[in-house]
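Peer 1: Sequence:
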Amino acid sequence: MQSISTSLIIAAGSGIFAMAWAAGIGSSLTLFAIPAIVNNGAPADVMWRGLATAAASTIFIIPYTVAFIFPTNAKLLAAADEKSREKTLSVQTATGLIRKWGQLNVVRVIVPMIGTGLALWNFCL
Numbered sequence: 000m001q002s003i004s005t006s007l008i009i010a011a012g013s014g015i016f017a018m019a020w021a022a023g024i025g026s027s028l029t030l031f032a033i034p035a036i037v038n039n040g041a042p043a044d045v046m047w048r049g050l051a052t053a054a055a056s057t058i059f060i061i062p063y064t065v066a067f068i069f070p071t072n073a074k075l076l077a078a079a080d081e082k083s084r085e086k087t088l089s090v091q092t093a094t095g096l097i098r099k100w101g102q103l104n105v106v107r108v109i110v111p112m113i114g115t116g117l118a119l120w121n122f123c124l
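Mapped onto numbering that gives the first Met the number 0, the consecutive letters of the sequence shown carry residue numbers 0 to 124.
None of these hints come from the bench; they were simulated from the model. Please note that a few of the clues may not be correct.
Said to hold, decoys possible - Cβ pair distances, simulated, as ranges: (1) Ile24 to Ala66: 22 to 28 Å; (2) Thr94 to Ala43: 28 to 34 Å; (3) Thr5 to Thr52: 39 to 45 Å; (4) Ala51 to Arg107: 19 to 25 Å; (5) Ile3 to Arg98: 32 to 38 Å; (6) Ala22 to Leu88: 18 to 24 Å.
These figures come from a predicted structure and were not determined experimentally. Ideal Cβ positions, reconstructed from N, Cα and C, are used throughout, including at glycine.
With these hints in hand, go ahead and build the complete structure from the sequences.
Peer 2: Spelled out as structure tokens, the structure:
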């Protein structure tokens with residue numbers, strides 16, 4: 000059995016922690032910021048000028064995920080299926096798919112950040 004290096008454990012753990020942190024920030028925006036904006040009478044032009052664009056950019060990740068991430072996930076999951084005892088992907092192919100997934104995931108991370116930036120910029124106008 001191959002052991003996992005400490006640096007890999009630290010890198011993976013840091014990435015998982017960062018994603019949890021980002022999920023918490025997104026949840027905070029939804030649970031606290033949006034109700035405060037709506038309940039405190041923000042003018043209509045403020046609510047639709049930037050917030051609609053911010054919302055659209057964030058919702059964009061759903062069709063993007065279905066179109067680009069799901070096919071990559073399906074290939075990786077099929078190869079990892081324990082019922083299939085034979086090796087279906089070479090290490091090189093699996094590594095390539097994981098790299099591709101990482102590159103595709105960058106878009107899923109950046110687009111909601113752009114949406115958040117648009118929402119914040121909207122209030123500074």
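Peer 1: Look at each hint and say if it fits the structure.
Peer 2: Status of the hints after comparison with the structure:
At roughly 26 Å, the beta carbons of Ile24 and Ala66 sit within the given window of 22 to 28 Å. The hint said 28 to 34 Å for the Cβ distance between Thr94 and Ala43, and at roughly 51 Å that hint is violated. Judged by the Cβ atoms, the range 39 to 45 Å given for Thr5 and Thr52 holds: they are separated by roughly 43 Å. Taken as a hint, the range 19 to 25 Å holds for the pair Ala51 and Arg107, whose Cβ atoms sit roughly 20 Å apart.
Against the hinted window of 32 to 38 Å, the Cβ-Cβ separation of Ile3 and Arg98 comes to about 18 Å, which falls outside the hint. In this structure the supplied range 18 to 24 Å is violated for Ala22 paired with Leu88, their Cβ-Cβ distance being about 30 Å.
The structure does not agree with the numbered hints 2, 5 and 6 stated previously, though it agrees with the rest.
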